[in-house]
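Enquirer: So you can see what is in the structure, the chains are spelled out below.
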Amino acid sequence: MNVGTLGMIYIFILAVFTGVEVIRRVPTILHTPLMSGANAIHGVVLIGGVILLGTAGDDKVLCVLGFIAVILGTLNVIGGFVVTDRMLEMFKAKPPGKTSPDK
Amino acid sequence: MNRDTVPEAAFLIASLLFIFGLKQLSSPSTARSGNLLAALGMALALGGTLLLPNMGHFGWILLAIVIGTVPGWLLAKRVKMTAMPQMVSLFNGMGGACALFISLGEWLSGASAGRDLGRVLPMLLGVVFGSVSFTGSLVAFGKLQGLISEKPWRWPWQKTGNALLLAVILASSAAAASSQNEMWILLPAAAALLLGVAQVLPIGGADMPVVISVLNSCTGLAAAVTGFAMHNMSMIIAGTLVGAAGSLLTVLMCKAMNRSLARVIFGSFGLVPEGAATAASGDQTMREIAAAECAIMMGYARKVIIVPGYGLAVAQGQHLVHELDEVLEKRGVEVKYAVHPVAGRMPGHMNVLLAEANVPYPKLLDMEEINPEFDQADVALIIGANDVVNPAARTESASPIYGMPILNADKAKNVVVIKRGRGAGFAGIENGLFYNPKTRMLFGDAKKALQDLVTEVKAL
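The listed protein sequences correspond, in order, to chains G and H. Going by the working numbering, the first sequence opens with residue 1, and the numbers climb by one from there. Going by the working numbering, the second sequence opens with residue 1, and the numbers climb by one from there.
Quick caveat, the hints were computed from the structure, so don't treat them as lab data. Hints are supplied without guarantee of correctness; some may be wrong.
Capping the alpha-carbon separation at 16 Å, the derived lysine to aspartate or glutamate pairs in EDC-like fashion look like this [to be verified]:
| hint | chain 1 | residue 1 | chain 2 | residue 2 |
| --- | --- | --- | --- | --- |
| 1 | H | 80 | G | 85 |
| 2 | H | 77 | G | 89 |
| 3 | H | 23 | G | 21 |
| 4 | H | 77 | G | 85 |
Here the structure is a predicted model, which means the values were calculated and not measured.
Turn these sequences into a full structure, and let the hints guide you.
Expert: Given below as structure tokens:
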């Protein structure tokens, strides 16, 4: 799909507003897990690494750069999601005295 | 059907999952599923990428993913909860480095494809954001991990030097964009790598959470601009989401910690004004208390408020606090926890640590909720917290923490402070509360002290 540079700028602007809106009302207690979760999501650069390596062809330099990028991106994605999940595991409702969850 | 249809559909759904995931991450009851949704989105996006036309080297891709997965998984699974902040920083740095390498690769491969601004600018930005984020995050990691000194590093011409580096980045970027020699790109990359180090080294450990949050949005932007260069919608959307959400999060965090973002970035916190430390004059003796006496004080109290701080976390005393809480409740004492927004090392960090120790969620009260209750508390038990209960924040305009909202522990009838030594706190500021006539100090390691308290209360 080719939307052109201008189209990408539109998407960028809309994504800025979306990003701000979706977390606007985050309670303080979730700041750390949210930062960690966002950290995992920007691991999406991994995709760029995979494309770079996958389309590198015979270019040795690109292969090396792509290979390293995929390793680094994977570290970001896996580490990010696993750490976030471990943090959030702690927040699961306790068996007794489960009160209003959105405090 | 176009060969692109399936990958494009995957990218579209992945982008939606990222948005919903982030949305759910900002509410306690849905946060965990939000994280899983986002992870699912990531898997979809990755799958879609592999189905793109003209792809090859699948073996190498798989190998690189395996090489990245194993240490990432092990590190994330094994790290202690107290070390979470630096782990987030480390993974963030990896993302930054990834963007750097991709942008370099794109630059080198795109040499023949013409140099219009729409392609060149995102690559240059990817190199710069990625580099700053990479080295900046590593320095933040090193500081929090104790590999390098947490103290703010100072050297002459600091700000001028950074401004100069920025100028070098701009000039060499322009040179790289107009030159036929692709290797020019290494110059802005090197300058940006240096800038990341120079920018974070002067910032003290107490401000690291804010720095990590800034670098987090920086990596988000790096991912977004890389997406621009590669025409990949998922990368643009996810990267921008994180960039924007991260920026807002940074602002919220600064508000919770009463720091000015500009002052954190351009440095001055940590430089305690001369004389501020000695301003608390008058009675300067700390009064000690033994565990047994403290146990009696709490065992016969009606209401005890526990103020947990980072010292509790490093001593791994969360579970013992919960035990103390239980033995006290058995005696009919009402126990509550006062959690300052920045208790621990990041906003929300203490909640995670106490939740890990199975402290029921409703007992953890925010600053606004608990502050009116200190009046009625017989004992405020402060464990390894310092700056968040420092009354100087209310009264001394010369203090670096002046204006920061604090827990009104000094309003309780008695105050007991469990503290490792007599030194000043994380931010290096003297605390007048420790010299207050109604304050008693219980010196020692938090874990040991709590163990003693539990034993003594049981023996009552």
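Enquirer: Does each hint hold? Answer for all of them.
Expert: Comparing the hints with the structure gives:
Of the pairs offered as hints, the one joining residue 80/H and residue 85/G holds, with about 14 Å between alpha carbons and a cut-off of 16 Å not exceeded. For the hint pairing residue 77/H with residue 89/G, the CA-to-CA distance comes to about 12 Å; that is within 16 Å, so the pair holds. For the hint linking residue 23/H to residue 21/G, the alpha-carbon distance of about 9 Å falls within 16 Å, and the restraint holds. Restraint check for residue 77/H and residue 85/G: satisfied, since their Cα atoms lie roughly 10 Å apart, inside the 16 Å limit.
Of the numbered hints given earlier, the model fails none.
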